[in-house]
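Visitor: Just so you know, the sequences run in chain order A and B. Under this note's numbering, the first sequence has 276 at position 276, and the numbering climbs by one with no breaks. One rule links them: number in this note's numbering = place in the second sequence (from 1) + 1000.
No lab work stands behind these hints: they were computed from the structure. Accuracy of the hints is not assured; some may be wrong.
[Claimed, not checked] Distance windows between CB atoms, simulated:
{"hint": "1", "chain 1": "A", "residue 1": "218", "chain 2": "B", "residue 2": "1017", "range": "31 to 39 Å"}
{"hint": "2", "chain 1": "A", "residue 1": "278", "chain 2": "B", "residue 2": "1010", "range": "15 to 23 Å"}
{"hint": "3", "chain 1": "B", "residue 1": "1027", "chain 2": "A", "residue 2": "330", "range": "41 to 49 Å"}
Note that CB positions come from ideal geometry on N, CA and C, so glycine has one too.
Residues per chain, in single letters:
Protein chains: 2
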Amino acid sequence: MNRTEISSLGEFGLIKHLTKDFEKKNSSTVLGVGDDAAIMDYKEKQVLVTTDLLLEGIHFDLVYVPLMHLGYKSAVVNFSDIYAMNGFPKQITVSLGVSKRFSVEDIEELYAGIKLACDKYGVDLVGGDTSASATGLTISITCIGEGEKGKISQRSGAKNTDLICVSGDLGAAYMGLLLLEREKKVFSGDESAQPDFAGKEYLIERQLKPEARKDIVESLARINVVPTSMMDISDGLSSELLHICKQSKVGCRVYEDRIPIDYQTAVMAEEFNMNLTTAALNGGEDYELLFTVPLEMNDVFQNLPGIKVIGHITDESLGSCIITRDGQEIELKAQGWNSLK
Amino acid sequence: MNRTEISSLGEFGLIKHLTKDFEKKNSSTVLGVGDDAAIMDYKEKQVLVTTDLLLEGIHFDLVYVPLMHLGYKSAVVNFSDIYAMNGFPKQITVSLGVSKRFSVEDIEELYAGIKLACDKYGVDLVGGDTSASATGLTISITCIGEGEKGKISQRSGAKNTDLICVSGDLGAAYMGLLLLEREKKVFSGDESAQPDFAGKEYLIERQLKPEARKDIVESLARINVVPTSMMDISDGLSSELLHICKQSKVGCRVYEDRIPIDYQTAVMAEEFNMNLTTAALNGGEDYELLFTVPLEMNDVFQNLPGIKVIGHITDESLGSCIITRDGQEIELKAQGWNSLK
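Build the full structure now, drawing on both the sequences and the hints.
Guide: In structure tokens:
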């Protein structure tokens, strides 16, 4: 593979080269890359902004994460934060800090992943910068989205008796991470070793190429439901539930046997000799949506494909608990992805 | 001074602690820190977004940059990008990557600087995150601002015969940088050495605590002038002029003897045995505004305090040149701050 030094293009040359194939998709994008700031026109819509900083060695390991996947995931996790407000992502900015280790071709790979995500989710790249870094790769993405006034779901709106719903299944991304870590020696260049991923592709994909639940937000709009509260599950179900309970000043009861878990996740947990519920409660990076809706919508949500009702909101005084299969009440604890702890 | 380990607070605890004193100042800020995304309502205004990634060892050197100044400057340079669109900054998000070297008190200092800037410029902190980093300090700031439809100044609008204007004076921040680099040994702990900054305070301040030209954007609004093009000077006058010329498909003539330079900058250039015009043309980080206005406004702009007319726009075929004091035409070259070159 060719290796073009980034210095041969320079910062402006590189940005131009990387962004030239991105097409404008949204009418709210007035001006994209190339000025002091991007210009957007949201008219009567409200503006949602979220931002993420990803650091090599902390948030990703390039030994087993291909750069194209990293680009895709970096963008998608930001889109997920906008969907989690019941909104739609429309623009992103991408800033990179790149050490000499990386070539133009490497950064092209990263941008190819970002472009794939932007194309799939209908998002415009409108800005960002690229600079040298002393060590490693730093990715900072900001995502701007639209929400309809009065239809944005915050974390603080859950009410006593609301149903607690979750999309998709949980714990798979974490199992994928453990699997990749276990097989890391293969990627490190030990050629005699071969990765053992047969039958575990779903777990790997959930870790390396997660999707944001645009479809769920669209479904909710179709049936004209605005969740009373919503979050995406990036730090683990326990941690996110506790956020909603704290910010809404409520308690909750979730039922262990209702937590949606994929078959491959269960097999893998057994292989790792790990408690499956613990993995599903605390494994992060699923990017599924966790939300609450009024109790009277029970009939609708019990039958909505891809959504599972896992419990209900209670009065704050009752605390936040999980009801185990054998009927025990255990207090929820956040053991999630807190990278500083 | 106390040293509290960041791990004792955790990510959420730290964010809460750091952001608790920030007050909401703008009606466009609907929801700030604490959800998946911030919510803004810009009504009939257009939305401006700019972002900056600052990496230790590349963009700043903590040997001589106090953390409070760094926080202030990190915020202000983003505000400057919004003013450069003829808009007003309203919200920022701040993401930090922090290695174990830094204590809670260090990050408090940084945030104190950010708060000072937000208070002075009337900007709300609405989001961001803090995570561990493998090495050094990483700061990613995104600024959101408002612009009036039809009154936003892009780089691409300069027209033949337009006047070229510059606010303040140029080259001082660069001289401040050279001075700080020279005196670095003092800060490195060589106690016998004392910094020699007497009479050079202006240069140091321009480097460590730059201001964004909100006042100029307000002045322009007051006299009802929308610049045909505008940029802030972060990479040096030459480089920025060439951006405007390229994006506007025009040429330019600027006059060496009209470039505004402070007395201290001139003294320092002599001390460093450096060509003063070269320093003023290529020294970066002045954060002054460079803009163009129609020729018929000559009378107004020749007498506007804090603004200097330095030349005019020409047809593209005439190229971009500086006219020296002795009447020579020299082609402008961008030798600015391109950190990747």
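Visitor: For each hint, tell me whether it holds in the structure or not.
Guide: Hint by hint, here is what the structure shows:
Separated by about 38 Å at the C-beta atoms, residue 218 of chain A and residue 1017 of chain B satisfy the suggested range of 31 to 39 Å. Residue 278 of chain A and residue 1010 of chain B have their C-beta atoms about 20 Å apart, which keeps the hinted 15 to 23 Å range intact. At roughly 45 Å, the beta-carbon separation of residue 1027 of chain B and residue 330 of chain A lies within the given 41 to 49 Å, and the hint holds.
Of the numbered hints listed earlier, not one is contradicted by the structure.
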